[in-house]
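Novice: Listed here are the chains, written in short residue letters.
Protein chains: 2
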Amino acid sequence: MTSNRFSFSVLLPTSLSIDAPNLKQKTVKIGSIGRGLAIFRVKEVCIYNDDDPHVKNQAAEAKLTSMLLRYMETPQYLRKLLFKRMPELLYAGLLPPLRTPHHPLEDEKNRPGDYREGVVVEANENQSLIEIGLPEKATVGRRLRVGQRLTVRLGKRLGGGRIAVTQVTRDEIDEYWGYEVTLAPSIAAALNRLRADYVIGTSRRGKNLYEAVQAIKDNSPARVAVAFGGPYQGLFEICGRQGVDAGKLFDAMINTIPSQGAATVRTEEALVATLALLNALVEG
Amino acid sequence: MTSNRFSFSVLLPTSLSIDAPNLKQKTVKIGSIGRGLAIFRVKEVCIYNDDDPHVKNQAAEAKLTSMLLRYMETPQYLRKLLFKRMPELLYAGLLPPLRTPHHPLEDEKNRPGDYREGVVVEANENQSLIEIGLPEKATVGRRLRVGQRLTVRLGKRLGGGRIAVTQVTRDEIDEYWGYEVTLAPSIAAALNRLRADYVIGTSRRGKNLYEAVQAIKDNSPARVAVAFGGPYQGLFEICGRQGVDAGKLFDAMINTIPSQGAATVRTEEALVATLALLNALVEG
Numbered sequence: 001m002t003s004n005r006f007s008f009s010v011l012l013p014t015s016l017s018i019d020a021p022n023l024k025q026k027t028v029k030i031g032s033i034g035r036g037l038a039i040f041r042v043k044e045v046c047i048y049n050d051d052d053p054h055v056k057n058q059a060a061e062a063k064l065t066s067m068l069l070r071y072m073e074t075p076q077y078l079r080k081l082l083f084k085r086m087p088e089l090l091y092a093g094l095l096p097p098l099r100t101p102h103h104p105l106e107d108e109k110n111r112p113g114d115y116r117e118g119v120v121v122e123a124n125e126n127q128s129l130i131e132i133g134l135p136e137k138a139t140v141g142r143r144l145r146v147g148q149r150l151t152v153r154l155g156k157r158l159g160g161g162r163i164a165v166t167q168v169t170r171d172e173i174d175e176y177w178g179y180e181v182t183l184a185p186s187i188a189a190a191l192n193r194l195r196a197d198y199v200i201g202t203s204r205r206g207k208n209l210y211e212a213v214q215a216i217k218d219n220s221p222a223r224v225a226v227a228f229g230g231p232y233q234g235l236f237e238i239c240g241r242q243g244v245d246a247g248k249l250f251d252a253m254i255n256t257i258p259s260q261g262a263a264t265v266r267t268e269e270a271l272v273a274t275l276a277l278l279n280a281l282v283e284g
Numbered sequence: 001m002t003s004n005r006f007s008f009s010v011l012l013p014t015s016l017s018i019d020a021p022n023l024k025q026k027t028v029k030i031g032s033i034g035r036g037l038a039i040f041r042v043k044e045v046c047i048y049n050d051d052d053p054h055v056k057n058q059a060a061e062a063k064l065t066s067m068l069l070r071y072m073e074t075p076q077y078l079r080k081l082l083f084k085r086m087p088e089l090l091y092a093g094l095l096p097p098l099r100t101p102h103h104p105l106e107d108e109k110n111r112p113g114d115y116r117e118g119v120v121v122e123a124n125e126n127q128s129l130i131e132i133g134l135p136e137k138a139t140v141g142r143r144l145r146v147g148q149r150l151t152v153r154l155g156k157r158l159g160g161g162r163i164a165v166t167q168v169t170r171d172e173i174d175e176y177w178g179y180e181v182t183l184a185p186s187i188a189a190a191l192n193r194l195r196a197d198y199v200i201g202t203s204r205r206g207k208n209l210y211e212a213v214q215a216i217k218d219n220s221p222a223r224v225a226v227a228f229g230g231p232y233q234g235l236f237e238i239c240g241r242q243g244v245d246a247g248k249l250f251d252a253m254i255n256t257i258p259s260q261g262a263a264t265v266r267t268e269e270a271l272v273a274t275l276a277l278l279n280a281l282v283e284g
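Protein chains in written order, with our numbering: chain X, 1 to 284; chain V, 1 to 284.
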């Protein structure tokens, strides 16, 4: 499960779930999206405002999607610490587990050298205590912000229910360690923010899948961004509405489901189909 | 949306949805499967008994999966005629629409030469009346079995709320016209029944995706079968339990999600990933 190759960033529109009739079905839909992100080791997902006229409240839609995706990405033992009871989370029980390495089962990731996600629960001048989902609390010898989420590497057990840990960045971990969720006010702003080396748009009117695959193989980009349109309007329409040229914004515009049997393909379906193709072809 | 190339058959185990905790979530899961089948124009799906020891009642599981998939595949205007109120259909409202050509919207497929699915509602020696989801009933000049589902080509409007039609086979229709659902007592029996020209198994331990793609390109098979294992046990385990040699049963055993970021991939996810790869690569 190591990855010394490129990482995926994904762009999703704020209108992502407006084809779902209620919060329960929106939750199920966003749950499928979160699974797709984890299966293909996506590092960052950016929810961009697509100004879809069907969306009454862009901010509320963006908040719902980003909150549910963040909730899914948070290890279960940290969820109560990081998320209050919110109306958006009413059906969070329907979100499927990610089963990623940073969501360890009870007997996993509890030895020196293992990594864990944690949240700071107490802090003074000399030390901070961190909840890491083990019977013991983790401790570091300096003040951290209470409520902060961080990644730690386990050290020695100190006795008294304490484990010494070191704070680390995700980059030093070889395994897939979850995705970050960000927001952007437009598709162009999202791409600007992600700083990807190769940018792929997906569209039923797209074509050059092999060109995109070859370009990735030839240029070994560190970050590949893959953008999806909305349930009612595709990337070309969104770019048109926001006054940007899709031909300039994207290095390739691909269609990953030629000869589709259904009139429409849902974003959660297109996400898995597209990332499956790019993931397998670039390895091959 | 025409397809003058091979068609997919898919094999799914009876244990398909045992990882879902209740009927509602089973329905959602099977709904995702049905969507995957339609998007990739699958012609036949066979639910094979995989003897998974976690399944208490193989027959009941097979019935639930096949009934929900059949219900989804049936045009909405025929569902009440073909399905009684059954406990398995309690959450059928959660099944997403297929949006296939044989599920026309209100103003589609209503002209001479168009095809429609129908169910015989009345019949005597000289003629039968067929419900085809239009304001008029269809009529043919011979006795058919009341309750039978069939495909018709529309002819002239006869007045008196009648349209002359001709019964046809699906093979004469160029568009994707839905999938058939069948049952089999074992994986070997299912493959025997499907008579595919090329048989692909999917497994995390599989490898030769390109070999499979090349074989399909070289041999132009008419039918390609793709088999999936269960939520708890893969195809190798199922073959072992049923005393058949996976190496002989399958022409290729492929892994379509190399370096997966999640410990497990659900069947509905693997289905979309696998069919997306085969669909796009064989065209390319």
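Treat the hints with caution; some may be incorrect.
Treat identical chains as interchangeable: a pair holds within one or across any two.
Below are the BS3-like pairs computed for lysine-lysine, each with C-alpha atoms no more than 30 Å apart in a straight line [to be verified]:
id	residue 1	residue 2
1	K80	K156
2	K217	K207
3	K84	K63
4	K43	K207
5	K43	K217
These are computed hints drawn from the structure, not numbers from a lab.
Novice: Each of the hints needs a verdict: does it hold here or not?
Specialist: Hint check:
no. : hint        : verdict
1   : K80 / K156  : within (27 Å within a copy, 66 Å between copies)
2   : K217 / K207 : both (18 Å within a copy, 20 Å between copies)
3   : K84 / K63   : within (14 Å within a copy, 42 Å between copies)
4   : K43 / K207  : both (26 Å within a copy, 26 Å between copies)
5   : K43 / K217  : within (19 Å within a copy, 35 Å between copies)
This entry satisfies every hint, going by the numbered hints stated previously.
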